[in-house]
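Trainee: Take a look at the letters that make up each chain.
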Amino acid sequence: MNTLDLKSGKVTDVREAENIVVRFSGDSGDGMQLTGTQFTDTSAFLGQDISTFPEFPAEIRAPIGTVAGVSGFQVNFGSKEIFTPGDMYDVLVAMNSAALKTDIHKLKKGGILIVNLAGFDKKNLKLAHYPEGINPLEDGSTDDFIVYKIDVTRHVKDALATSGLGNKEMERSKNMFVLGLLFWMFDKSMDYTIGFISDKFKKVPDIMNANITALKSGWNFGDNTEVFKTRFKVDVAKLSPGVYRQITGNHATAIGLICAAEKAGIQLFLGSYPITPASDILHELSKYRGNGVKTFQAEDEIAAICSAIGASYAGALGVTTTSGPGLSLKGEAMGLAVITEIPLVIVDVQRGGPSTGLPTKTEQSDLLQAIYGRHGEAPMPVIAAATPADCFEAVYEAARIAIEHMTPVIFLSDGYVANGSEPWRFPNAANLTPINCTFITESNNPDGKFLPYKRDDRGVRPRTKPGTPGLEHRIGGLEKQDETGNVSYDSVNHEKMTHLRANKVDRVADFIPLAKVDTGKEKAKICILGWGSTYGAIKTATLELIAEGHDVAHVHLRWVNPFPRNLGELLKGFDKVLIPEMNMGQLCSLIRAKYLIPAESYSKVQGLPFAVDELKSKIVETLNSK
Amino acid sequence: MNTLDLKSGKVTDVREAENIVVRFSGDSGDGMQLTGTQFTDTSAFLGQDISTFPEFPAEIRAPIGTVAGVSGFQVNFGSKEIFTPGDMYDVLVAMNSAALKTDIHKLKKGGILIVNLAGFDKKNLKLAHYPEGINPLEDGSTDDFIVYKIDVTRHVKDALATSGLGNKEMERSKNMFVLGLLFWMFDKSMDYTIGFISDKFKKVPDIMNANITALKSGWNFGDNTEVFKTRFKVDVAKLSPGVYRQITGNHATAIGLICAAEKAGIQLFLGSYPITPASDILHELSKYRGNGVKTFQAEDEIAAICSAIGASYAGALGVTTTSGPGLSLKGEAMGLAVITEIPLVIVDVQRGGPSTGLPTKTEQSDLLQAIYGRHGEAPMPVIAAATPADCFEAVYEAARIAIEHMTPVIFLSDGYVANGSEPWRFPNAANLTPINCTFITESNNPDGKFLPYKRDDRGVRPRTKPGTPGLEHRIGGLEKQDETGNVSYDSVNHEKMTHLRANKVDRVADFIPLAKVDTGKEKAKICILGWGSTYGAIKTATLELIAEGHDVAHVHLRWVNPFPRNLGELLKGFDKVLIPEMNMGQLCSLIRAKYLIPAESYSKVQGLPFAVDELKSKIVETLNSK
Amino acid sequence: MSDIISLAPKKTAKDFVSDQEVKWCPGCGDYSILSQVQKVFPDFDVKKENYVFISGIGCSSRFTYYMDTYGFHSIHGRAAAVASGVKATNPELDVWLISGDGDSISIGGNHFIHLMRRNFNIKYLMFNNEIYGLTKGQYSPLSQKGIVAKSTPYGSVDEPFNPLELALGAKSTFVARSLDRDPKHQQMIFKRAHEHKGTAFVEIYQNCPVFNDEVFSPYTEKDSKREECLFIEHGMPMVFGNNNDKGLKLDGLKPVIVNIDSTNSINDLWIHDERDKTKANLLAGLFDNVSLIPHNPRPFGVFYVEDRPTYEDDLTAQIAAVTAKKGKTSLDKILSGEKTWIIA
Amino acid sequence: MSDIISLAPKKTAKDFVSDQEVKWCPGCGDYSILSQVQKVFPDFDVKKENYVFISGIGCSSRFTYYMDTYGFHSIHGRAAAVASGVKATNPELDVWLISGDGDSISIGGNHFIHLMRRNFNIKYLMFNNEIYGLTKGQYSPLSQKGIVAKSTPYGSVDEPFNPLELALGAKSTFVARSLDRDPKHQQMIFKRAHEHKGTAFVEIYQNCPVFNDEVFSPYTEKDSKREECLFIEHGMPMVFGNNNDKGLKLDGLKPVIVNIDSTNSINDLWIHDERDKTKANLLAGLFDNVSLIPHNPRPFGVFYVEDRPTYEDDLTAQIAAVTAKKGKTSLDKILSGEKTWIIA
Ligand SMILES: Cc1ncc(C[n+]2csc(CCOP(=O)(O)OP(=O)(O)O)c2C)c(N)n1
Ligand SMILES: Cc1ncc(C[n+]2csc(CCOP(=O)(O)OP(=O)(O)O)c2C)c(N)n1
Ligand code: SF4
Ligand code: SF4
Ligand SMILES: [Mg+2]
Ligand SMILES: [Mg+2]
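Residue numbers (our numbering), protein chains in the order written: chain A, 1 to 626; chain B, 1 to 626; chain C, 1 to 344; chain D, 1 to 344.
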């Protein structure tokens, strides 16, 4: 529609949209992550639903201008509920040739391409490995898009001519110019970002002013020039009423752990060794010294988990955070936690494997390792987060089960939810599920010696704290006698203990919700069964397919071990079960083994989340196959 | 039958038997392992088939006389083919009260019990925790057996009265007296053992003579006294003609590796960290310095596998040997071997888990870890040994596949096959399957740079040796570009490489035998599917059940990953599939997931092998269930 | 010394004997160490329930089961990491770490050195028998080069560590050596270790009669002990020999053996200064094989002591400082973060 | 120096430049180290194909990709173990190990110390930037106490290692230190390391402009360098200072700073003896924070050299000795063992 512009009074084409996907793409040094975050936060603040997907290179700072150095930030915001950062972009901002090269293939036909002309000079084209003489802005390859070529660098320098800053410093504000322009284009207030800049650079007023000036001149550029034909109007979302914040998965994980420990009334101890993409949990938790949170940067992953085991033994909530390679190293110690029946939360933020693999990419390929990756029969509960905000609840649940059931629990996150963000209607502390952590203080054996392995009716042994008089006893990694916990090499006892440990984990199923259909109806023609971070994409695909008239249902698994009691029954109600996973079909093999149903795997191993469209085609294809 | 005794001319009851199970049981210091080994070797030498089962405590030398200190050695020998050390004993030798207490429950009704009276005095009864005043030899509890109470200690001292040895030294020959007596009882020649003693103690003639005297007086005691009413006659076995030796699983593993490396024409390098029950492979291989075998006792399991990876990289056959806890530690490095596609043999001699568990007991509980126990998609072939001698062939196959297919391979053994022994018709070196190890010396790329990840038609990349001019290149744990092997973060390439690696492992199935029925017929009512060391027990049970008229078949899996191509088809031919495992049903879940057949698990987790009888009942029960 | 003063009646050694059967081989040096620990414990002002023993895996690590205290028999080589977590969580516990030479310095080497630098207030007893006992006789990184053991039938080619040098190189704040066969010396050393505020590393020569019998006999047997051992004491001259007639002198940076006689008086000898790291390194370097002629005696006693804040004290202080400055953030504040918005 | 004499035409630095784009941050100290290695390599009598670079994980460990030699970029902390296997298998290869401070002494600490004692003939370059670069700025076990880094926003409470002391404590046979900003010094040290037959440990101060900028600037910047650095050379007096007017003297076991003037001549100074371990320890102990007044200068150069047989030579010799004595056993003999019997 053509309409009077809200502020300028000019007539522009204002397109209404339910949601818009914007991709900021530039060199690692161009500040794309910051730009994207500000755009996201502003949208969220304005009441839109959002989902983000930051992507960055494995190198700290790969050579400027190269494809290896491209850093991208994608955000999907809208007035409807948003579950994914979007498959294709409506708007692509490309700060240089390498960024264009990397991301252009996902810009929708007819989409808007904004380029920084300075990034398309000879040098940049060469760095991006375009053949000599070829400029994608001029060879017709971008004809399908609405292209805005802007000499951002020049505009910024003009705007800052009187700032007294040097060339380099001026150039650093490029991203703010672009952000201002985007704010104009989507009619978003600059207030949030101005507040942010003022706060961040309060000690360097020159820089503060330069950034604000650049931001505003970006806005003005949109407003004043006749270049731009289109603006967008995206309504606020109909989210449930409440107070919201913006949160990433790793941040949510960190505060979930703090809440769990405090709710249980015990110390939080994190033993961790840095590793991408899990390190931010360590960084975040290390800020809470004021709350008595103890973070311990161990010499390696083995020391990290062992220190956490020691901490739990001494009465804390012991936690260790890592990613794949670290999880592989922790296997032996995880077995120790299993046999000593000590609460422990193991956080694995999955990334692309095997080996060092693709450290900054996402994947779901540690599931079977989480379930089976240690010697002997050493079962433990495994839970996975569906979305960034869900990390809070999932890790809180992990801690609750660990503490209340005296068991190590694995919490699976992945690079996608860990770094992604979304608006979160956070809970009140008072409303969090209580966590019962009781330390026994008197012998549980009327006839004499304390029995550290005498179980209650949930199969759980009592928790003790060293320092408690009269309950002195020894535990360890050798097989233990039932009830007394003394070392026992007895055959029958070993089998009994193996079953007791397995049953304890299995009975966690009595303390978790039953499985249910998330979207769609029971006994639909096809069930899309997912776990972890595929949640948003599957949900969106399901919603769209249902809207298109297909009989599809979505079931999401939060606990992958044990399975909810009714899962088999629920799944058997569908004609077909399709399991999309960012691995080679790991959950699928568990489901087939347990329920003997011909579940089919839909595997994607590209270090990238599923696109809604690819999911939809696969689902329809499966529906139509005989 | 009553018959004239072969040598003495006295009339004794000589019972003919197809096979006999003898259990030697005593204190760790009583030399039971040696006694058992001598008895076994002699039987084997005389042409009988045998199977042994040594069992010893986790402590080096637990307190003398206690149940914790009991060390047992069981041997089943006979004229028919023997596949297990036997469920129950025909003869139990108990050197003290603790030994009796530990083992009497498995002596057959009517079986022979030989006790050393000196081990049943007040002190010993108390150490074995018999209640005050209770002596199992006198309270009727041994009435079901033919009991021979012999004051071995006194007889030995009498026999050695003139030896000039001290009391303690004389007592050390107790076991030889018993052995001599058993030789008499089974009419076995003492020559083999006399030879052994003469060799072992050639530097201490006093001890040598004492042992020989004790041995002979044991024989004479049987021959001269009227105490013994029964002797046994066991024919030589109808084994395939050929030259035989006696071998344990660990020993067979060691020499299998030596043969594989020599057949491939490369060095053998073992990087290992000691751990029960795998250490003997390290001990054995370290003896072969004369053959250029390099053993490296690393500082830990991680260094062990990494040094082996380095060795393979440098051109050797890199091997690492361990048991469960060590396997858990090697996970990360195993992933490195997967992605660098380097040949490597990982030997896991399984023991009771989880954690430190039951170090000296057997179990099959590392199977799923072997298959899934590392982060990311990191598949590798897994093979398991069926019997002690089969360790040779299985580890040889593991090495062959590792070398020819450029992949790490896991070889699973367990405490039972590792320490057990059997006669082995060993092969000629010349007849061993050739192993083709080619190092590329010239670029495989006519157009230029060497392509270290360019595959042949089996999906295998070329092997290089550093030091080869012109082929300099870099490999590592980051995802690699197809063909060039350069680092690549490309999404589609990652998926491609993941599939290439998976396919390479899957295609190993084209180079291994198809699955077949071992005993029984195809499409029988029930198939007993086994893997690893349950082979003997399942085979025996199947043979006996078939003889008893049941329609049972036994299928044994040597390669547990990949499965033989025809396995699904073969299994679907049976009405039922029962999978006995010394774990909680690990293979069973793999089979169910892959073939969607309702295979049932029969689980035993007692640190002990299956008894034939318990298998038989379970099979019949399953046959009869609807 | 712990800050906690016990009001209960004084305990005896027996109070620290657990109900578990001791399962070491007859004649094993471990027995003596167990007994000395049980003997000195009643002298410490620590409540029984506050003792925690943490061990790895090995014959020595079974120790934990035999003490009637809290105990954690962990996994091979990781006791130091487990103990660090325990001590960081509850600094009031009196944490004792028991470990073998393999457990400590082979598989556990990394945690060993990091524990030393961090200086948690943990007492570390390393039972050195220069062999892997529990796995039946492989050589360890402390076994002498050339040793014939199960895994090295032709003699090992591995240069061993000098564990005290390693501990010093890793910034240990307390380094001592004792012997299984000298109960009084052990008791003295355990008391000194316990007094030290920081990681106290005590190496104890421990005979394994089954797999490495008598490797330390020159230092433990009556007829050689006084010639081969140098018992060092802070502030005292370094005297040894059957008749206390020999001594060590420092010739610049070189220790020299002298006879105490008219030319060399006891006053010229090297006076032990346990606060001097250079000298501690020199002493640790007295590590000659007894077959050398001549050779230095082997020192026993406290080599080195340094006052350095413990990890847990620094951590506690940091928590206190941050809390004082910023206060405790309420859960609701943590949940809401800095920026929120309302959807009506 | 390798035993292999190359007959090919002399290589140049360029011959060691691989086709992979170098991906370190602009200004990273790693560039200089790469360039010095490439510069010295043509001077060594080693065939290009015999060089093998083995690294762990970290910014520094990417080095391997940039050398046009054989290279193995392994996993975090394990390069020493991989390299040991390579060298044991093929002693003719000229093995260079590249690692960061975290890779070497945090997760890799155990392999680090064991490599030192075993003394494989491997050149070990540790790029010390006192930070975890690749994971974006957490402190390392070599970071100064109190450092504010990503994982320790209130300042670390970890006492750092002194890596040279640690190496010496672990029986390293060659210990040296150099700086990224001193190309000539690096080249000299790399040559010395290469000449050494055994594990040559070289610590290189390496600036990480992104996460730990300028920690070493006192030693690299023109205006402070000559006051703060003590360049040591075997047989030479220890002189430093802007005008070469200061020196170190040994007062008994204590190093003292003196002004070179009429009272203290250059002849009274401590003469560096790289064969003296006690002095090497003293030198390594000169590790003062520059903010201390007064403080010792930081030494650079070769601290210590010791001749000790390499692991691979001892192993090769043992194989030769056993083979000479017992001969090679045929496979058939191995297969049959000592005792066989025949079933007809
Ligand atoms: C991960 C792991 N690797 C190996 C072992 C086997 N193991 C147990 S104790 C031990 C060494 C024991 O030697 P030491 O620490 O010196 O103790 P000692 O028995 O001599 O007291 C080994 C290798 C194990 N239990 N766990
Ligand atoms: C097993 C494992 N744990 C953790 C990591 C993450 N990681 C990669 S490099 C690194 C530390 C890098 O620091 P440093 O060794 O000092 O090298 P630099 O980057 O500073 O050169 C860490 C923690 C990993 N890759 N693997
Ligand atoms: S094996 Fe050695 S160290 Fe272990 S208990 Fe026996 S004597 Fe002691
Ligand atoms: S992060 Fe630091 S060490 Fe790593 S490449 Fe950048 S500047 Fe160099
Ligand atoms: Mg030991
Ligand atoms: Mg670093």
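Since the hints were made in silico from the structure, they are not lab data. Hints should not be assumed to be uniformly reliable.
[As the list claims (entries may be wrong)] In silico SDA-like cross-links for lysine to any residue, where the CA-CA straight-line distance does not exceed 20 Å: (1) 200/B x 48/D; (2) 10/C x 229/A; (3) 333/D x 467/B; (4) 48/D x 467/B; (5) 238/B x 341/D; (6) 287/B x 338/D; (7) 47/D x 101/B; (8) 454/A x 432/A; (9) 249/C x 222/C; (10) 238/A x 340/C; (11) 333/C x 126/A; (12) 126/A x 21/D; (13) 449/B x 21/D; (14) 449/A x 333/C; (15) 126/A x 19/D; (16) 229/B x 503/B; (17) 287/B x 341/D; (18) 339/D x 196/B; (19) 287/A x 48/D; (20) 287/A x 333/C; (21) 254/C x 15/D; (22) 521/B x 549/B; (23) 101/B x 490/A; (24) 150/C x 19/D; (25) 465/A x 331/C; (26) 465/A x 333/C; (27) 576/A x 594/A; (28) 238/B x 340/D; (29) 339/C x 191/A.
Trainee: A separate judgement is required for each hint: does it hold in the structure or not?
Mentor: Outcome of the hint check:
Distance hint between residue 200/B and residue 48/D is unfulfilled; the C-alpha atoms sit about 53 Å from each other, more than 20 Å. Restraint check: the Cα-Cα separation between residue 10/C and residue 229/A comes to about 90 Å, which exceeds 20 Å; the hinted pair is violated. In summary, the hint linking residue 333/D to residue 467/B is not supported, as the alpha carbons are separated by about 33 Å, beyond the 20 Å threshold. The suggested pairing of residue 48/D with residue 467/B holds, with an alpha-carbon distance near 8 Å, which does not exceed 20 Å.
Straight-line distance between C-alpha atoms of residue 238/B and residue 341/D comes to about 14 Å, which keeps the hinted pair within the 20 Å bound. As the CA atoms of residue 287/B and residue 338/D are separated by approximately 14 Å, the hinted pair is consistent with the 20 Å bound. A distance of roughly 69 Å separates the Cα atoms of residue 47/D and residue 101/B; the hinted pair therefore is violated under the 20 Å criterion. For the hint pairing residue 454/A with residue 432/A, the CA-to-CA distance comes to about 30 Å; that exceeds 20 Å, so the pair is violated.
Proximity of residue 249/C to residue 222/C is assessed by CA-CA distance (about 25 Å); at most 20 Å being required, the pair is judged violated. Restraint check: the Cα-Cα separation between residue 238/A and residue 340/C comes to about 17 Å, which is no more than 20 Å; the hinted pair holds. A threshold of 20 Å between alpha carbons decides the hint, and for residue 333/C with residue 126/A the separation of about 50 Å lies outside it, so the pair is violated. This hinted pair checks out: residue 126/A and residue 21/D have alpha carbons roughly 14 Å apart, not beyond 20 Å.
Of the supplied pair hints, the one linking residue 449/B and residue 21/D holds, its CA atoms being roughly 16 Å apart against a limit of 20 Å. Using a Cα cut-off of 20 Å, the hinted pair residue 449/A and residue 333/C is violated, with the two alpha carbons roughly 45 Å apart. A hinted pair counts as satisfied when its Cα atoms are at most 20 Å apart, and residue 126/A with residue 19/D qualifies at roughly 17 Å. Proposed proximity of residue 229/B and residue 503/B is contradicted: the alpha carbons are some 66 Å apart, above 20 Å.
Between residue 287/B and residue 341/D, the direct Cα distance comes to roughly 24 Å. Violation of the 20 Å bound is thereby established for this hinted pair. Under the criterion of a C-alpha separation no larger than 20 Å, the hint pairing residue 339/D with residue 196/B is consistent with the structure, at around 11 Å. The suggested pairing of residue 287/A with residue 48/D is violated, with an alpha-carbon distance near 50 Å, which exceeds 20 Å. Taken as a hint, the residue 287/A and residue 333/C pair is honoured in the structure, with Cα atoms around 14 Å apart against an allowance of 20 Å.
Distance check on the hinted pair: residue 254/C and residue 15/D sit about 49 Å apart at the alpha-carbon level, beyond 20 Å; violated. Pair hint residue 521/B plus residue 549/B holds up; C-alpha atoms about 13 Å apart against a cutoff of 20 Å. For the proposed pair residue 101/B and residue 490/A, the alpha carbon gap of about 13 Å is at most 20 Å, so the pair holds. Taking the CA atoms of residue 150/C and residue 19/D, the gap is near 48 Å; set against the 20 Å cutoff, the hint is violated.
Between residue 465/A and residue 331/C the alpha-carbon distance is near 25 Å, which puts this suggested pair outside the 20 Å criterion. With a C-alpha separation of about 30 Å, the suggested pairing of residue 465/A with residue 333/C is violated against the 20 Å cut-off. At most 20 Å may separate the alpha-carbon atoms for a hinted pair to count; residue 576/A and residue 594/A meet this at roughly 16 Å. Taking the CA atoms of residue 238/B and residue 340/D, the gap is about 17 Å. The hint holds against a cut of 20 Å.
For the proposed pair residue 339/C and residue 191/A, the alpha carbon gap of about 13 Å is at most 20 Å, so the pair holds.
Hint violations for this structure: numbers 1, 2, 3, 7, 8, 9, 11, 14, 16, 17, 19, 21, 24, 25 and 26, all remaining hints satisfied.
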